[in-house]
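**Student:** Below are the chains, spelled out letter by letter.
Number of protein chains: 2
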Amino acid sequence: MKLASLKDGRDGQLIIVSRDLSKAADASDIVPTLQAALDDWDLYAPQLAARYEMLNAEKVDSFDFDQTACHSPLPRAYTWMDGSAYLNHVELVRKARDAEVPESFYSDPLMYQGGSDSFIGPRDPIVAADEAYGIDMEAEITVITDDVPMGVSVKDAEKHIKLIMLVNDVSLRGLIPNELRKGFGFVQGKASSAFSPVAVTPDELGDAWGEGTIDLPLLVDYNGKPFGKANVKQDMTFNMSELVAHAAKTRDLSAGAIIGSGTVSNKFEGGEGKKIEDGGVGYSCIAEIRMIEKIQTGEFITPFMRFGDTVGIEMNDAEGKSIFGRIENVVEKYEGPEA
Amino acid sequence: MKLASLKDGRDGQLIIVSRDLSKAADASDIVPTLQAALDDWDLYAPQLAARYEMLNAEKVDSFDFDQTACHSPLPRAYTWMDGSAYLNHVELVRKARDAEVPESFYSDPLMYQGGSDSFIGPRDPIVAADEAYGIDMEAEITVITDDVPMGVSVKDAEKHIKLIMLVNDVSLRGLIPNELRKGFGFVQGKASSAFSPVAVTPDELGDAWGEGTIDLPLLVDYNGKPFGKANVKQDMTFNMSELVAHAAKTRDLSAGAIIGSGTVSNKFEGGEGKKIEDGGVGYSCIAEIRMIEKIQTGEFITPFMRFGDTVGIEMNDAEGKSIFGRIENVVEKYEGPEA
Chain A
7 MKLASLKDGR DGQLIIVSRD LSKAADASDI VPTLQAALDD WDLYAPQLAA
57 RYEMLNAEKV DSFDFDQTAC HSPLPRAYTW MDGSAYLNHV ELVRKARDAE
107 VPESFYSDPL MYQGGSDSFI GPRDPIVAAD EAYGIDMEAE ITVITDDVPM
157 GVSVKDAEKH IKLIMLVNDV SLRGLIPNEL RKGFGFVQGK ASSAFSPVAV
207 TPDELGDAWG EGTIDLPLLV DYNGKPFGKA NVKQDMTFNM SELVAHAAKT
257 RDLSAGAIIG SGTVSNKFEG GEGKKIEDGG VGYSCIAEIR MIEKIQTGEF
307 ITPFMRFGDT VGIEMNDAEG KSIFGRIENV VEKYEGPEA
Chain B
7 MKLASLKDGR DGQLIIVSRD LSKAADASDI VPTLQAALDD WDLYAPQLAA
57 RYEMLNAEKV DSFDFDQTAC HSPLPRAYTW MDGSAYLNHV ELVRKARDAE
107 VPESFYSDPL MYQGGSDSFI GPRDPIVAAD EAYGIDMEAE ITVITDDVPM
157 GVSVKDAEKH IKLIMLVNDV SLRGLIPNEL RKGFGFVQGK ASSAFSPVAV
207 TPDELGDAWG EGTIDLPLLV DYNGKPFGKA NVKQDMTFNM SELVAHAAKT
257 RDLSAGAIIG SGTVSNKFEG GEGKKIEDGG VGYSCIAEIR MIEKIQTGEF
307 ITPFMRFGDT VGIEMNDAEG KSIFGRIENV VEKYEGPEA
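If you read the protein sequences in the order shown, they are chains A and B. Everything in the first sequence is counted per the working numbering, starting at 7 for the first residue and increasing by one. Everything in the second sequence is counted per the working numbering, starting at 7 for the first residue and increasing by one.
Keep in mind that the hints are not guaranteed to be accurate.
As the list claims (entries may be wrong) - Reference excerpt, derived from the structure (chain B facing chain A, CB under 7 Å, subset only):
{"#": "1", "residue": "D45"}
{"#": "2", "residue": "Y84"}
{"#": "3", "residue": "M117"}
{"#": "4", "residue": "P155"}
{"#": "5", "residue": "G157"}
{"#": "6", "residue": "V158"}
{"#": "7", "residue": "G189"}
{"#": "8", "residue": "V193"}
{"#": "9", "residue": "Q194"}
{"#": "10", "residue": "A263"}
{"#": "11", "residue": "E341"}
{"#": "12", "residue": "G342"}
Claimed, not checked - Some residues of chain A that are not near chain B, with every Cβ distance over 12 Å (derived):
{"#": "13", "residue": "P115"}
{"#": "14", "residue": "P232"}
{"#": "15", "residue": "P309"}
To be verified - Here are the computed lysine-lysine pairs in the DSS-like style, where the Cα-Cα straight-line distance is at most 27 Å:
{"#": "16", "chain 1": "B", "residue 1": "K339", "chain 2": "A", "residue 2": "K255"}
{"#": "17", "chain 1": "A", "residue 1": "K13", "chain 2": "B", "residue 2": "K255"}
{"#": "18", "chain 1": "A", "residue 1": "K339", "chain 2": "B", "residue 2": "K165"}
{"#": "19", "chain 1": "A", "residue 1": "K231", "chain 2": "A", "residue 2": "K273"}
{"#": "20", "chain 1": "B", "residue 1": "K339", "chain 2": "A", "residue 2": "K161"}
{"#": "21", "chain 1": "A", "residue 1": "K168", "chain 2": "A", "residue 2": "K29"}
{"#": "22", "chain 1": "B", "residue 1": "K161", "chain 2": "A", "residue 2": "K339"}
{"#": "23", "chain 1": "A", "residue 1": "K231", "chain 2": "A", "residue 2": "K168"}
{"#": "24", "chain 1": "A", "residue 1": "K231", "chain 2": "A", "residue 2": "K339"}
{"#": "25", "chain 1": "A", "residue 1": "K255", "chain 2": "B", "residue 2": "K13"}
{"#": "26", "chain 1": "B", "residue 1": "K255", "chain 2": "A", "residue 2": "K339"}
{"#": "27", "chain 1": "B", "residue 1": "K339", "chain 2": "A", "residue 2": "K165"}
{"#": "28", "chain 1": "A", "residue 1": "K239", "chain 2": "A", "residue 2": "K281"}
{"#": "29", "chain 1": "A", "residue 1": "K13", "chain 2": "A", "residue 2": "K168"}
Worth flagging that the hints you see were computed from the coordinates, not collected in a lab. Quick caveat, the model's predicted, so the values are computed rather than measured. Note that beta-carbon positions come from the ideal geometry of N, C-alpha and C, so glycine has one too.
So that you can see chain A by itself, here it is in the shape it has in the complex (with noise of 0.2 Å):
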């Protein structure tokens, strides 16, 4: 089942989209938004299955799916909670900052608690300050899930997957040292994140979902050119199931939680990756080809998200279609909050 948020209010209104994403019901008479969907899946999820195969068979009424009309699957959520599943990733990055990683990084996964009260829609714009804040796209994969019990083992974990999504989790990568530097997290050096117009059941991805990850690449393109498509399953260090678990080891999580994989990275040629263009799979992130720059000729040349820059998102199934939609994203300048 494949399903959005339209617009409306704080919450949007809950719709269910076709399998392509071209046509689209209401569902919002079944339950008015996704948060109220998930506070009791069991009761709902079947009756917007239902509605969900007659869509698919043109057997209800339906609307034109417009991507743009669509805020995040969830507007706002209680809890976003997005993980390092990538070490090469984390590799690079360190690297970068000239900083090591440490071997427990390969056992205990990195995890961050991110602001869930103020997504932005995928089609919205990354307003930000001042470009100086060093503005970067992470493309990653999602999971949404029902409650999860403290100490949930990592089996159990998977059963609680009900749907995934994908993410930009923007960053601010000029403000990010301060905060790793004190040592509790990201406040300031993560904007605001857009997640993909549609959430979909794992049984959307066929034989692509299994071991609590996918087996397809994740696209993403910079101002109209192939950026990255790295695969989502391969040097994966974590699974999704894993990372449930691990936010789970010490409190209940509530239902509509929000786990991220972290920046999507396959290793390639000693883990420093090739752009498209160069026969590789290219980048999940700007810090990534920056690190491979600063290593291969001494200087930082790609520069970080300006103005008026565009970061595009998606997945495609076997077939080369779209599973969640698109998320696309320009840069604006943020003009100062009214008075």
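Given chain A's structure and the hints, the job is docking chain B onto it.
**Tutor:** Leaving out everything else, chain B in the frame of chain A:
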């Protein structure tokens, strides 16, 4: 005005509490939950305030207010960000870990993003799987904001403070050093927090509220004995307006955001403090007294909380009357998730 949430479903049932905490009146006919009230505060606050005045005048149907029937005023929230406004606490805790306090901490607040999807109630047990986690209370004040625009000034931030609560920000000291080393903040090092039964508007504090803080002692008792009575305003390096502005630097905060002060701590005789029975103001967490013990005797003496230990947190007005009601949490062993 004083508001509380009776335990009911995921978000509680909004009630209005009399100034003396003796009586309560239903408010769910005005707006069902505190989150919904905050989502449209300008609309609902005047209606709630009108009923509050009638309740205090005994002119509305009421019932005895039962603090034990309350959940935290926001049983779940979209944001819970906790500062560390008391550098004395940070200095002592860092000293206890053999870590330095960087100079920047005196101008750039420490703040972490906490789990906000599964708060416990003010009288609920703290459940933890293992005493070895180093279970500790942290007594703090918190504010709830309405929508705060990105980049808000400190001056404007104060206008966004709509409600004030106390919190027991339960910490798992044994898990924190590893997470601090990782730099990504606390995911496992904090258990679910408990807030005071009652949230109050700033005017309820009278002259004690000013400059974004409260000029009253925060009372902590531990296993029935007075443990702390540090003044909230004294030695506070960053006030609540400054902490709200810090939290909102690079993104909007949405209505219902909870911002915390960090563990209240007063300097005393060089910052080391003194127990209440020795004529001091005591401590708002166990980590501090352990640090003093280490300095004075070379050993940590007071253990962290064990199963069966109970902490109480409260604040009285100048006449000795409880303002927010009482947080009281006993530590219980967690027996593991159901299958």
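**Student:** Could you run down the list of hints and mark each one as holding or not?
**Tutor:** Taking the hints in turn, this is what the structure says about them:
The closest approach between the C-beta of D45(B) and any C-beta of chain A is roughly 6 Å, which is under the 7 Å cut-off, so the hint is satisfied. Hint status for Y84(B): holds, given a least beta-carbon distance of 4 Å to chain A, under 7 Å. A least Cβ separation of about 5 Å between M117(B) and chain A falls short of the 7 Å threshold, and the interface hint therefore holds. The restraint placing P155(B) at the interface with chain A holds, with a minimum CB-CB distance near 4 Å, inside the 7 Å limit.
With 7 Å as the threshold, the beta carbon of G157(B) comes within range of chain A, its nearest partner Cβ sitting at about 5 Å, so the hint holds. Because the closest C-beta pair between V158(B) and chain A is about 5 Å apart, less than 7 Å, the hint holds. Interface hint at G189(B): satisfied, since its Cβ lies 4 Å from the closest Cβ of chain A, which is below the 7 Å cut-off. At a threshold of 7 Å, the smallest CB-CB gap from V193(B) to chain A is about 5 Å, leaving the interface hint in force.
With 7 Å as the threshold, the beta carbon of Q194(B) comes within range of chain A, its nearest partner Cβ sitting at about 5 Å, so the hint holds. Hint status for A263(B): holds, given a least beta-carbon distance of 6 Å to chain A, under 7 Å. With 7 Å as the threshold, the beta carbon of E341(B) stays out of range of chain A, its nearest partner Cβ sitting at about 9 Å, so the hint is violated. For the restraint placing G342(B) at the interface with chain A, the shortest Cβ-Cβ distance is roughly 6 Å, inside the 7 Å limit, so the hint holds.
A Cβ of chain B approaches the Cβ of P115(A) within 12 Å, the least distance being about 9 Å, so the stated non-interface status is violated. Here P232(A) stays apart from chain B, with its beta-carbon at least about 29 Å from theirs, past the 12 Å limit. The claim that P309(A) lies off the interface holds: its Cβ sits roughly 19 Å from the closest Cβ of chain B, which is beyond the 12 Å cut-off. At most 27 Å may separate the alpha-carbon atoms for a hinted pair to count; K339(B) and K255(A) meet this at roughly 14 Å.
Restraint check: the Cα-Cα separation between K13(A) and K255(B) comes to about 25 Å, which is no more than 27 Å; the hinted pair holds. For a cut-off of 27 Å, the pair hint linking K339(A) to K165(B) stands: about 25 Å separates their Cα positions. With a C-alpha separation of about 21 Å, the suggested pairing of K231(A) with K273(A) holds against the 27 Å cut-off. Between K339(B) and K161(A) the alpha-carbon distance is near 23 Å, which keeps this suggested pair within the 27 Å criterion.
Proposed proximity of K168(A) and K29(A) is supported: the alpha carbons are some 22 Å apart, at most 27 Å. Under the criterion of a C-alpha separation no larger than 27 Å, the hint pairing K161(B) with K339(A) is consistent with the structure, at around 23 Å. Restraint check: the Cα-Cα separation between K231(A) and K168(A) comes to about 33 Å, which exceeds 27 Å; the hinted pair is violated. For the suggested pair K231(A) and K339(A), the alpha carbons sit about 23 Å apart, so the restraint of at most 27 Å is met.
Straight-line distance between C-alpha atoms of K255(A) and K13(B) comes to about 25 Å, which keeps the hinted pair within the 27 Å bound. Between K255(B) and K339(A), the direct Cα distance comes to roughly 14 Å. Compliance with the 27 Å bound is thereby established for this hinted pair. At most 27 Å may separate the alpha-carbon atoms for a hinted pair to count; K339(B) and K165(A) meet this at roughly 25 Å. Among the hinted pairs, K239(A) with K281(A) is consistent with the structure: their alpha-carbon atoms are about 19 Å apart, no more than 27 Å.
The hinted pair formed by K13(A) and K168(A) meets the criterion: a straight-line CA distance of about 22 Å does not exceed 27 Å.
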